[in-house]
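K.L.:
The residues making up each chain are set out below.
Number of protein chains: 2
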Amino acid sequence: MGKKKATIYDIADRSGASASTVASVLNGSWQDRRIAERTAVRIRQIASDLHYSRNLQASGLRKARSGLAGMIIPKHDNRFFSAMSESFETEARSRGMCPLIVSTLRDPKEERRIVATLISHNVDQMFITGATEPDPLSDMCAKAGIPHINVDLPGTLAPSVISDNYWGASELTRYIVERMQDGAGRARDAVHFIGGIGTDHNTRARVQGFMDICRAMLGSADPGRVDTCGYAPEAAEASVRALYGRLGGLPAGLFINSTIAFEGVFRFLRSLPHDALSHVVIGCYDWDPFLSHLQFPVAMVRQNGEELVARAFYMIEETAPAPTVTLVRPELILP
Amino acid sequence: MGKKKATIYDIADRSGASASTVASVLNGSWQDRRIAERTAVRIRQIASDLHYSRNLQASGLRKARSGLAGMIIPKHDNRFFSAMSESFETEARSRGMCPLIVSTLRDPKEERRIVATLISHNVDQMFITGATEPDPLSDMCAKAGIPHINVDLPGTLAPSVISDNYWGASELTRYIVERMQDGAGRARDAVHFIGGIGTDHNTRARVQGFMDICRAMLGSADPGRVDTCGYAPEAAEASVRALYGRLGGLPAGLFINSTIAFEGVFRFLRSLPHDALSHVVIGCYDWDPFLSHLQFPVAMVRQNGEELVARAFYMIEETAPAPTVTLVRPELILP
DNA sequence: GTGAAAGCGCTAACAC
DNA sequence: GTGTTAGCGCTTTCAC
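Protein chains in written order, with the working numbering: chain A, 1 to 335; chain B, 1 to 335.
By construction, these hints were calculated from the structure, which means they are not laboratory data. Ideal placement from N, C-alpha and C gives every residue a C-beta, glycine not left out. One thing to keep in mind: the hints can contain errors.
[To be verified] The calculated DMTMM-like cross-link candidates involving lysine to aspartate or glutamate, where the alpha carbons are at most 25 Å apart (straight line), are:
hint, chain 1, residue 1, chain 2, residue 2
1, A, Lys63, A, Asp32
2, A, Lys63, A, Asp10
3, A, Lys75, B, Asp77
4, B, Lys5, A, Glu318
5, A, Lys5, B, Glu133
6, A, Lys5, B, Asp135
7, A, Lys75, A, Asp139
8, B, Lys75, B, Glu306
9, A, Lys109, B, Glu91
10, B, Lys4, A, Asp124
11, A, Lys75, A, Glu306
12, B, Lys143, A, Asp49
13, B, Lys5, A, Asp124
14, A, Lys143, A, Glu110
15, B, Lys4, A, Asp139
16, A, Lys109, A, Asp200
17, B, Lys5, A, Glu133
18, A, Lys143, A, Glu318
19, A, Lys4, B, Asp139
20, A, Lys63, A, Glu318
21, B, Lys143, B, Glu318
22, B, Lys143, B, Glu133
23, B, Lys5, A, Glu110
24, A, Lys4, B, Glu318
[To be verified] Restraint-style ranges between C-beta atoms, simulated for each label pair:
hint, chain 1, residue 1, chain 2, residue 2, range
25, B, Pro108, A, Thr132, 36 to 46 Å
26, A, Ala64, B, Thr39, 28 to 38 Å
27, B, His279, A, Gly248, 32 to 42 Å
28, A, Gln31, B, His51, 32 to 42 Å
29, B, Ala19, A, Gln31, 31 to 41 Å
30, B, Gln45, A, Ala64, 20 to 30 Å
31, B, Arg95, A, Arg215, 48 to 58 Å
32, B, Arg38, A, Gln31, 48 to 58 Å
33, A, Thr39, B, His51, 42 to 52 Å
Required output: the full structure, derived from the provided sequences and hints.
P.N.:
Below, the structure written as structure tokens:
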């Protein structure tokens, strides 16, 4: 059964029509060709009898396209990126394309290997999301003549659509500092930044926003209050613990840079007596539903993955887009 | 730059070799053809000068394959499925295939549409994961001659690899009941099951395990203690609240069927005085790292997505596999 | 060790 | 309204 897939020739034979007639009926171009309704119906009937399925490889080869919309992401198992995947699928499908999403595990070498594979599969466009080194990838796409765009992390060779990390961090910091001031005058009256990677573009923008607001609202911004200890929970846990030791207690405010880092911080906080937490204002850059339900309130910054993807599609469809950076505001979610 | 991609003919022209020689050098079959090392080197040099990239569409068309490993999943934005995606990618890549993962949003119609698309793209194999109606999809794959397998939810027309839900639920129930017995003799000394969909295969298996252990350990299993109220947090929250009202307090044990349902239950529990929770034993079928860090202990069942995928690959590579069901044990994670 | 030629399934230009 | 024909870029006999 169905050993060999039926082709338009099989249908042409059975129907007495020619291959091109069959093809145009089956690929939707029959209106233009003014094929008779009767012919079309007959052909479709036979096609379904034979379980015909169009061979998009052959079609694509001929048309020099594939109908595949390619996207690379760092990880599938991540709320932010998996939400982007879903938006990407929706947008791709609404354009009649099949989404092809592949993860790179943040490895620059793997990024290149995978982009090469997608190019070989003739993807019609490439979304480069969260790439550690976007420019070499842009280069590869350019050489293959494939429209492409950077998402979430910017590059210099193609348009980029990224979160407004500076704005998000500023707002979150402002929220924290305002709340802190209710109990001003105490010692340890500063806000501390924990998590992220110092060389990462997004972390840098967030630190910048954090520092600027500290300077504006508190009169000073001490770099010693920023610990970009990485994203690992263990590192973040160690970081708060050390901080707690140094200060002899919790600081007035905590800016945690990602939910993953938050996991570690939370582990430490949970070990403290309950009322130790009552005076610290906590904010987390990134969103997770469970954080809304803890014993203490947490403000969060939720990135707008959907909008990032929508804008990226919009931009990639421009002719000759300039390598500009488009910022998309995240949302501040208050407890 | 790179407007038109280079083909083997461009390289043939420049190198003086024939297209077939170039092709075999560039696709790895040159060892068999005993192409001279010198020729190979020269060709590869020119290929890289021209930024040649193999056209897998043309290659696939000719070889009647695509190099694509297809998988459908219900959702990307889900810990379990996104973890499976990562395992799937690893396995696919190690076989030299490109993973093509598409989500269906649990809509049977969309499932069929997407499977049809993947078939049109000539995927070499199809992994049908968490499909609400797997059999029609099997049918489509069979007619197209595509090896396929069901994962996570079983079908009757193809081999299936699924979690041992009965075992997982039994173990979780046993854990809960054993702990409950420490404080036995109280009223409200029963364990209640909340969440999931009664008609869903997996939920049914879990309810079965739950009931069997209740019967074995507590002497009776009251169907009134099972509320498959769906997966929505709101529904689950309403369910515990009602239960609390009926019993005049919390039951001795709670079996929450999924982390999503848990979110709702948690919302209610949090509203209770802290010591109200000290006597209830809580288990959650499914795993989320944040649940390990709550104010009260939670036992969890963690499904082994990696093993599911590994087994599925193993089975799909069998010749003429029977439509058997392979069970993979989840892991009980104690607080 | 290498080349010539046929053909994978489809589309598009042109013919009638 | 529909048929004929020439490829898309590659692989694969078969020939030498």
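K.L.:
May I ask which of the numbered hints given earlier this structure violates, with the numbers listed in increasing order?
P.N.:
none
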